[in-house]
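Each protein sequence line maps, in turn, to chains W and U.
Take 1 as the starting number for the first sequence in UniProt numbering and just add one per residue.
Take 1 as the starting number for the second sequence in UniProt numbering and just add one per residue.
No wet-lab data here; the hints were simulated from the structure.
Be a bit skeptical, because a hint or two may be false.
[As the list claims (entries may be wrong)] Here are the simulated EDC-like cross-link-like pairs (lysine to aspartate or glutamate), alpha carbons at most 16 Å apart as the crow flies:
1) U:Lys-728 x W:Asp-71
2) U:Lys-775 x W:Asp-71
3) U:Lys-532 x W:Asp-121
4) W:Lys-19 x U:Asp-38
In this text, all values refer to a predicted model and were calculated from it rather than measured experimentally.
Here is how the chains run, residue by residue.
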Amino acid sequence: MLVPGKIQHIICTGNLCIKEVQDYLKTLCPDLHITRGEYDEETRYPETKTLTIGQFKLGLCHGHQVIPWGDLDSLAMLQRQLDVDILVTGHTHQFTAYKHEGGVVINPGSATGAYSSITYDVNPSFVLMDIDGLRVVVYVYELIDGEVKVDKIDFKKTTATTHSAH
Amino acid sequence: MIADGVEDEEKWLAAGIAGLQQNAFYMHRALDSNNLRDALKYSAQMLSELRTSRLSPHKYYELYMRAFDELRKLEMFFKEETRRGCSVVDLYELVQHAGNILPRLYLLCTVGSVYIKSKEAPAKDVLKDLVEMCRGIQHPVRGLFLRSYLAQVSRDKLPDIGSEYEGDAETAVDAVEFVLQNFTEMNKLWVRMQHQGPAREKEKREKERSELRDLVGKNLHVLSQIEGIDLDMYKDSVLPRVLEQVVNCKDEIAQYYLMDCIIQVFPDEYHLQTLDVLLGAFPQLQPTVDIKTVLSRLMERLSNYAASGADVLPEFLQVEAFAKLNNAIGKVIEAQPDMPILGVITLYSSLLTFTLHVHPDRLDYADQVLGACVRKLSGKGKLEENKATKQIVALLSAPLDKYNDIVTALKLSNYPRVLEYLDTETNKVMSTVIIQSIMKNKTCISTADRVEALFELIKGLIKDLDGAVLDEVDEDDFKEEQNSVARLIQLLHNDDPEEMFKIICTVRKHILGGGPKRLPFTVPPLVFSSLKLVRQLQGQEENPFGEEESTTPKKIFLLLNQTVETLSNIPAPELALQLYLQCAEAANDCDLEPVAYEFFTQAFILYEEEISDSRAQITAIHLIIGTLQRMHVFGVENRDTLTHKATGYSAKLLKKPDQCRAVYACSHLFWVDDQDNVKDGERVLLCLKRALRIANAAQQMSNAARGSTGSVTLFVEILNKYLYFFEKGNPQINVAAIQSLIELVTTEMQSDSSTPDPAADAFFASTLRYIEFQKQKGGALGEKYEPIKV
Chain W
1 MLVPGKIQHI
11 ICTGNLCIKE
21 VQDYLKTLCP
31 DLHITRGEYD
41 EETRYPETKT
51 LTIGQFKLGL
61 CHGHQVIPWG
71 DLDSLAMLQR
81 QLDVDILVTG
91 HTHQFTAYKH
101 EGGVVINPGS
111 ATGAYSSITY
121 DVNPSFVLMD
131 IDGLRVVVYV
141 YELIDGEVKV
151 DKIDFKKTTA
161 TTHSAH
Chain U
1 MIADGVEDEE
11 KWLAAGIAGL
21 QQNAFYMHRA
31 LDSNNLRDAL
41 KYSAQMLSEL
51 RTSRLSPHKY
61 YELYMRAFDE
71 LRKLEMFFKE
81 ETRRGCSVVD
91 LYELVQHAGN
101 ILPRLYLLCT
111 VGSVYIKSKE
121 APAKDVLKDL
131 VEMCRGIQHP
141 VRGLFLRSYL
151 AQVSRDKLPD
161 IGSEYEGDAE
171 TAVDAVEFVL
181 QNFTEMNKLW
191 VRMQHQGPAR
201 EKEKREKERS
211 ELRDLVGKNL
221 HVLSQIEGID
231 LDMYKDSVLP
241 RVLEQVVNCK
251 DEIAQYYLMD
261 CIIQVFPDEY
271 HLQTLDVLLG
281 AFPQLQPTVD
291 IKTVLSRLME
301 RLSNYAASGA
311 DVLPEFLQVE
321 AFAKLNNAIG
331 KVIEAQPDMP
341 ILGVITLYSS
351 LLTFTLHVHP
361 DRLDYADQVL
371 GACVRKLSGK
381 GKLEENKATK
391 QIVALLSAPL
401 DKYNDIVTAL
411 KLSNYPRVLE
421 YLDTETNKVM
431 STVIIQSIMK
441 NKTCISTADR
451 VEALFELIKG
461 LIKDLDGAVL
471 DEVDEDDFKE
481 EQNSVARLIQ
491 LLHNDDPEEM
501 FKIICTVRKH
511 ILGGGPKRLP
521 FTVPPLVFSS
531 LKLVRQLQGQ
541 EENPFGEEES
551 TTPKKIFLLL
561 NQTVETLSNI
571 PAPELALQLY
581 LQCAEAANDC
591 DLEPVAYEFF
601 TQAFILYEEE
611 ISDSRAQITA
621 IHLIIGTLQR
631 MHVFGVENRD
641 TLTHKATGYS
651 AKLLKKPDQC
661 RAVYACSHLF
671 WVDDQDNVKD
681 GERVLLCLKR
691 ALRIANAAQQ
701 MSNAARGSTG
711 SVTLFVEILN
721 KYLYFFEKGN
731 PQINVAAIQS
741 LIELVTTEMQ
751 SDSSTPDPAA
761 DAFFASTLRY
771 IEFQKQKGGA
781 LGEKYEPIKV
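Throw the hints in and build the complete structure from the sequences for me.
Here you go:
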């Protein structure tokens with residue numbers, strides 16, 4: 001599936017580290033959104049980013065800026081601040097997906113399974129989101145003991161987005 | 001004559017073609033009216049055009065081809081004639097009345113074809129007659145084309161076994177004899193061309209000879225197609241006869257071409273079985289012949305033959321192919337001490353490929369070949385020549401490709417020695433090839449010894465070798481190189497902690513010699529490999545009776561400290577700080593308080609002394625706060641010192657909004673969910689109040705500087721933090737405080753002097769919505785939130 005042409009947007013929380021990886025992602029899909037992680041050599045990635053896809057507003061941030069790291073309530077605050085339905089953050093290298101009345105907070109985990117001081121036994125993982133109208137289906141792909149396991153979570157928005165000037 | 005050259009040739013060719021076509025026209029008329037006499041007359045005239053000496057082989061060929069086409073029609077006519085009652089024997093005699101010898105012979109061959117088909121005489125007799133008769137033409141170009149014609153018309157009429165022209169001989173001896181004779185005569189003619197004409201036209205002659213070579217070579221091709229030749233006949237008569245001609249003609253061009261022809265045209269099994277004879281011919285050739293190329297091609301063919309299937313391999317062993325080839329090459333190199341180094345390496349490269357295919361398990365053979373190469377290279381110093389170094393890369397890549405495994409290649413003792421002779425650039429190229437091979441094959445390099453050997457091999461990438469000028473390296477290339485070294489470091493692994501630690505130490509030893517430009521690439525992967533090892537050891541029970549020497553997290557941390565230190569001097573302080581914090585957290589997980597404290601100290605020193613860029617400071621401070629927040633290993637005193645420092649840094653950031661955010665982040669240092677003794681509600685509130693003061697100051701400054709009070713975002717953020725701790729049960733945070741904050745924000749937003757900020761409005765709105773949600777939840781939470789009015 002990770003071949004050029006199948007994915008419309010790529011959202012990356014950061015710590016790609018080197019330009020080569022950015023170039024590779026660009027070959028999968030030209031619409032690439034990246035926020036800055038502390039090890040990124042490219043210093044011009046923004047600290048946060050918001051974008052609208054279909055009926056959903058998405059927010060993106062690496063997450064080392066949100067303390068305590070991985071804390072849902074603190075992340076929810078960022079979500080409120082960015083005023084987004086879906087907040088995507090990283091840093092912990094642990095896949096999580098929380099639904100709460102304000103929206104959804106997703107952490108796709110580490111695509112490479114890299115070491116993390118926060119998470120033991122990191123399994124490589126990434127997330128695909130299928131946005132269709134007021135519904136988004138989140139597919140999470142995890143590599144556990146050499147096998148790829150897929151799980152899915154459904155979210156539905158109650159109201160359409162009001163397009164406020166951003 | 002040279003000056004007139006091409007233009008004249010074109011004229012003569014045109015004239016020749018015109019003459020040919022005219023006579024052909026009359027010939028056709030004669031054929032149509034069954035006029036044999038006239039047919040012969042005009043065909044002879046037509047063929048007279050081929051008597052010319054004025055055309056180069058290239059142009060002569062054009063004339064020849066037209067004549068050839070016409071002769072086909074004539075042949076058909078002859079066949080009709082014999083059916084009409086004219087005896088073919090009579091015809092055969094009749095055509096010999098043609099006035100000039102060349103037309104006569106072309107006609108004779110044409111009739112001969114019909115004669116053989118008629119079967120009125122054995123094919124072998126007719127062919128023998130024809131091949132002898134053709135001796136009448138001794139002019140090289142004309143003779144070659146005539147004999148080529150003979151070869152073409154006789155091709156399908158050879159008395160081969162299984163052919164209808166076999167006769168009663170039941171062997172292909174006669175067919176072979178005929179082809180060999182034609183071949184021999186053609187070669188003689190061809191060689192004779194070399195010596196015709198003045199010395200200054202030598203180059204032109206050689207070019208013309210080159211154009212004609214396929215005519216000669218075709219005979220060998222025909223030979224290879226004769227069914228009746230089996231291995232024995234090939235060994236006993238065919239090959240010796242051909243080689244005899246090749247050697248005796250003493251002509252460089254012919255020898256080179258024909259040796260190569262033999263190799264390409266006859267089956268590989270034959271070559272294997274006649275290896276002695278074949279190789280024995282090489283020393284007998286003219287010294288100027290490019291033997292190494294022919295030998296290389298032979299070895300290439302044999303390599304491919306070996307690769308075609310495992311069932312042919314025993315044959316190779318049986319004829320001791322490797323030994324024979326090895327000897328032959330040795331002799332060739334010895335006999336030509338002035339052979340350029342490129343030639344030597346090409347030969348050994350081909351031999352190595354051969355060895356890898358035929359004897360994949362014989363590392364000693366491969367090593368032998370490399371050793372011979374080393375011996376030849378020694379005393380020459382580092383190679384400069386581009387092609388030669390490319391060949392060496394090919395030579396060294398061959399074992400990598402075959403074994404798919406640098407570890408096996410490392411077992412070849414001469415492998416690193418060959419690398420020594422590469423200049424720095426090529427060493428880097430080779431090193432990159434090696435690393436790519438490792439990554440592609442996921443080769444497991446799992447012992448410190450192997451790592452040592454490997455890093456020795458790729459030292460061109462690891463450090464500056466003598467004579468290397470770093471300034472000349474393209475920056476992107478340099479980054480790519482170093483990133484591939486970094487990837488390599490990540491791949492080195494052994495499950496046994498002792499061995500893994502040795503690997504880490506070995507890698508460290510090598511990369512520390514890399515210099516300031518390389519360390520930022522190579523140190524991080526090493527640090528993370530080490531931290532992974534720490535975590536692995538963490539899981540194991542600490543053995544109080546363990547040996548002094550055994551690896552412990554403490555030892556690793558010591559190493560880490562010394563390693564990360566090297567980055568601070570480069571300078572790469574942000575990177576160093578991040579790595580120190582990673583180490584601190586790992587030390588925390590191992591319950592090593594002093595070690596963790598030391599790492600924090602180092603990080604703080606870096607922050608104070610080396611990190612002055614505002615943006616870098618903001619990132620650094622968040623990392624510090626985030627890491628510190630997670631520490632559980634510190635006693636009260638240490639924790640206090642560190643948090644005090646952290647909050648101090650936060651308040652001193654350049655811009656007020658950044659100060660504010662860092663300070664309220666610090667509030668989390670005093671309240672950690674899973675550590676009951678870290679729930680100091682008062683100090684949390686102090687932090688938040690401090691943040692509030694800073695936010696106020698920011699508003700005032702903004703008013704003073706810009707005339708408006710700026711965005712209320714900071715206040716909304718702080719409000720959210722109040723709610724956070726309120727929910728967690730901080731007794732110091734009460735409804736009143738929250739309420740007044742809400743009112744503050746509302747007032748500010750409605751004030752005239754505030755800058756409208758839709759983002760802040762939306763933020764505030766969603767915060768209020770959140771409060772509503774919490775109220776709706778009911779239960780204890782709902783009760784808590786109930787008093788708050790929005």
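Against the structure, the hints come out as follows:
The straight-line distance between the Cα atoms of U:Lys-728 and W:Asp-71 is roughly 12 Å, inside the 16 Å bound, and the hint therefore holds. Simply put, U:Lys-775 and W:Asp-71 have alpha-carbon atoms about 21 Å apart, too far for the 16 Å limit, and the pair is violated. For the suggested pair U:Lys-532 and W:Asp-121, the alpha carbons sit about 10 Å apart, so the restraint of at most 16 Å is met. Between W:Lys-19 and U:Asp-38, the direct Cα distance comes to roughly 85 Å. Violation of the 16 Å bound is thereby established for this hinted pair.
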